[in-house]
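Note that the protein sequences, when read in sequence, are chains A and B. Take any residue in the first sequence, note its place counting from 1, add 197, and you have its number in the numbering used here. Take any residue in the second sequence, note its place counting from 1, add 197, and you have its number in the numbering used here.
Watch out, some of these pointers could steer you wrong.
What the hints assert, rightly or not - When the alpha-carbon atoms are kept at most 16 Å apart in a straight line, the in silico EDC-like pairs for lysine to aspartate or glutamate are as follows:
no., chain 1, residue 1, chain 2, residue 2
1, B, Lys490, B, Glu419
2, B, Lys245, B, Asp397
3, A, Lys490, B, Glu419
4, B, Lys490, A, Asp451
5, A, Lys254, A, Glu419
6, B, Lys253, B, Asp450
As the list claims (entries may be wrong) - Output of the computed footprint for chain A on chain B, the stretches with three or more beta carbons under 8 Å from beta carbons of chain A:
no., stretch
7, 238 to 248
8, 336 to 347
Stated by the list, open to error - Okay, the calculated bits of chain A under chain B, using three or more residues with CB under 8 Å as the criterion:
no., stretch
9, 209 to 218
10, 363 to 370
Derived by calculation from the structure, the hints in this document are not laboratory data. A virtual CB, placed ideally from N, CA and C, is assigned to each residue, including glycine.
Below are the chains, spelled out letter by letter.
Protein chains: 2
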Amino acid sequence: MKLIKLKKNIIKIFKQHGLNNIDSSICADALINAELVGAPSHGLSRLKMYCDRIKKKLINPKPRIKIKKISQSISHIDANNSIGFVAANLGIKTAIKNAKKTGIGLVGVKNSGHYGLSGYYAEQAVKKNLIAFCFTNAPPAIAPFGSKKKLFGTNPICFGTPTSSKIPFILDTSVSIINRGKLRVAASTGKKIPKNVALDKLGKPTTDAKKALVGVQLPIAEFRGSGLAWMVDILCGVFTGGNHAGKVKDPFDDFSGPQNIGHLFMVMKPNLFVGNYNQRINKNIKTIKKLPKLKGVRKIYYPGENKYNRYKSNLKKSIVIPKNILEVLKKLNAIK
Amino acid sequence: MKLIKLKKNIIKIFKQHGLNNIDSSICADALINAELVGAPSHGLSRLKMYCDRIKKKLINPKPRIKIKKISQSISHIDANNSIGFVAANLGIKTAIKNAKKTGIGLVGVKNSGHYGLSGYYAEQAVKKNLIAFCFTNAPPAIAPFGSKKKLFGTNPICFGTPTSSKIPFILDTSVSIINRGKLRVAASTGKKIPKNVALDKLGKPTTDAKKALVGVQLPIAEFRGSGLAWMVDILCGVFTGGNHAGKVKDPFDDFSGPQNIGHLFMVMKPNLFVGNYNQRINKNIKTIKKLPKLKGVRKIYYPGENKYNRYKSNLKKSIVIPKNILEVLKKLNAIK
């Protein structure tokens with residue numbers, strides 16, 4: 198489907214579900230971006246879920262979002278159970294504004310929902326020539342080190358910086374070995390997942406994505422990854438006022454209440470301490486790219502480079518929508 | 198050796214190397230703390246190295262440290278090649294002061310050196326009921342993903358928060374699978390290191406610590422760990438004005454100039470967004486500790502708990518100093 202047509206379609210769907218024009222457009226942009234960067238697990242495959250949650254009154258299509266100004270640098274947002282895209286869009290924009298004014302912007306968001314890709318928000322800050330951290334917690338997926346029960350989300354750590362080139366440095370890494378979104382895609386297509394990335398619900402290693410979904414995903418690097426997931430849960434849940442300690446509901450499976458996810462955005466001016474940040478980062482990246490490569494490696498990439506390249510190349514094409522999702526789109530579109 | 202006697206001894210050594218009373222005491226405290234928490238790789242085993250670098254005029258024993266106030270929240274420190282402990286001590290204290298005043302404190306430090314354990318500084322903030330991030334870069338140890346040459350340091354990520362109990366939550370994790378300090382200890386004692394944590398200089402897997410030291414340490418989780426190491430290099434080097442992209446000199450082996458390490462401290466008030474942070478974190482930790490455990494696991498610990506317990510138990514004992522280090526202490530003490 199052509200991009201313009203797809204966007205119009207998604208906007209129409211969200212508007213039919215009660216969102217206003219602007220918010221529908223924000224959601225459409227985020228979903229299409231996920232498709233373009235090659236992360237379909239965070240794209241159209243989630244559209245039905247968002248709509249289901251709106252219909253069940255778990256996402257508020259007409260939220261009254263409150264922004265509380267704590268200081269020139271710090272703001273707190275109560276998203277009133279808005280769709281995550283809208284809350285996060287406001288969150289990063291507020292953090293950018295604060296950072297432009299004072300050098301550093303810190304924004305905590307509570308009562309939000311799944312916001313898609315963290316990198317999408319970091320990129321917004323980087324495009325304004327700012328450094329950004331974006332954190333969000335997520336529904337239970339990872340067992341804390343020592344436990345056999347999942348509790349932490351895949352809790353991504355996301356960091357972005359300008360690079361002096363048009364391709365931003367965006368590290369956006371979950372602390373699970375495999376992304377939950379990829380696991381969902383594997384479960385729905387019946388593909389096997391790699392060994393040693395997940396356990397079934399009895400605690401046994403499995404390569405069956407469906408069993409892994411009801412079981413436990415393994416964190417990167419055992420106690421280190423478990424600790425990083427815990428850190429993100431504290432920053433996004435305990436600190437912002439969002440749900441935490443396993444209370445964030447799974448958006449696909451748990452309709453017993455709103456998610457109340459928390460996000461934390463931290464944005465800084467790159468030239469706070471040095472006058473020539475862009476030159477310095479340029480040299481940093483150049484030096485690393487020139488290093489001797491491992492056998493079979495053609496090029497050393499920095500985080501975000503591959504995504505950007507996929508984005509650029511996909512932008513010229515139509516988006517190929519899998520049949521099952523096309524069906525969903527059609528059905529959703531019919532709803533009044 | 199009794200703690201008081203050991204501290205007196207270390208202070209004497211640093212004073213004989215030109216540091217003033219206060220700075221010598223700061224260094225002694227940091228080194229002894231490393232021994233007490235069970236991280237001897239960051240303790241007395243480094244004393245000779247620090248003294249060697251002072252003698253070779255690579256560490257400035259009488260630095261003129263400059264603090265530049267960027268705003269009420271943000272400060273920049275030029276440590277004038279001071280010993281890392283002194284620079285980092287000033288860095289975290291400044292960040293704490295800024296955070297107490299404005300809710301958030303950000304301090305970049307350049308022209309510093311190896312500062313020991315990141316957790317030691319995070320703990321200082323946590324003791325003042327603050328949340329802290331501490332980052333430092335380090336000499337080349339890890340090859341960027343795709344390269345066979347080491348360039349990133351083990352670049353720890355450190356996060357601390359009050360817990361409402363006397364035991365702080367301190368995540369202090371290098372992004373290499375094995376700590377470089379542990380590798381050094383293994384090399385000096387001839388112990389084998391685990392498989393799959395390092396390569397020799399030809400790029401082949403090795404369990405020989407000496408070969409690993411001149412080879413490459415592997416990052417946690419491949420491109421994820423490599424990306425995190427890159428992030429820390431950018432934050433501590435590119436951003437603060439410190440060395441970066443492999444330019445931080447190895448303190449043990451490279452006497453061609455000062456290290457010019459960079460650190461970044463970010464400190465926040467826990468009650469910025471919620472009124473009951475201590476209650477919330479208490480509930481978070483309690484919930485996780487109560488989870489069903491894996492076979493053979495007696496207790497779920499949060500990051501920092503084990504270190505604290507070791508500290509408490511070691512505090513009652515004398516510190517057992519290995520013979521080779523005792524020899525070093527004796528020799529250093531004799532220097533005028």
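Hints versus structure:
For the proposed pair Lys490 of chain B and Glu419 of chain B, the alpha carbon gap of about 28 Å is over 16 Å, so the pair is violated. Taking the CA atoms of Lys245 of chain B and Asp397 of chain B, the gap is about 27 Å. The hint is violated against a cut of 16 Å. The straight-line distance between the Cα atoms of Lys490 of chain A and Glu419 of chain B is roughly 15 Å, inside the 16 Å bound, and the hint therefore holds. For the given pair, Lys490 of chain B sits about 24 Å from Asp451 of chain A by alpha-carbon distance, which is inconsistent with the 16 Å threshold.
A threshold of 16 Å between alpha carbons decides the hint, and for Lys254 of chain A with Glu419 of chain A the separation of about 38 Å lies outside it, so the pair is violated. Taking the CA atoms of Lys253 of chain B and Asp450 of chain B, the gap is about 13 Å. The hint holds against a cut of 16 Å. With a cut-off of 8 Å between beta carbons, the stretch 238 to 248 of chain B has 0 residues touching chain A; three or more are needed, and the interface restraint is violated. For a cut-off of 8 Å, the count of residues in the stretch 336 to 347 of chain B with a CB near a CB of chain A stands at 7, and the three-residue condition holds.
For a cut-off of 8 Å, the count of residues in the stretch 209 to 218 of chain A with a CB near a CB of chain B stands at 0, and the three-residue condition is violated. With a cut-off of 8 Å between beta carbons, the stretch 363 to 370 of chain A has 3 residues touching chain B; three or more are needed, and the interface restraint holds.
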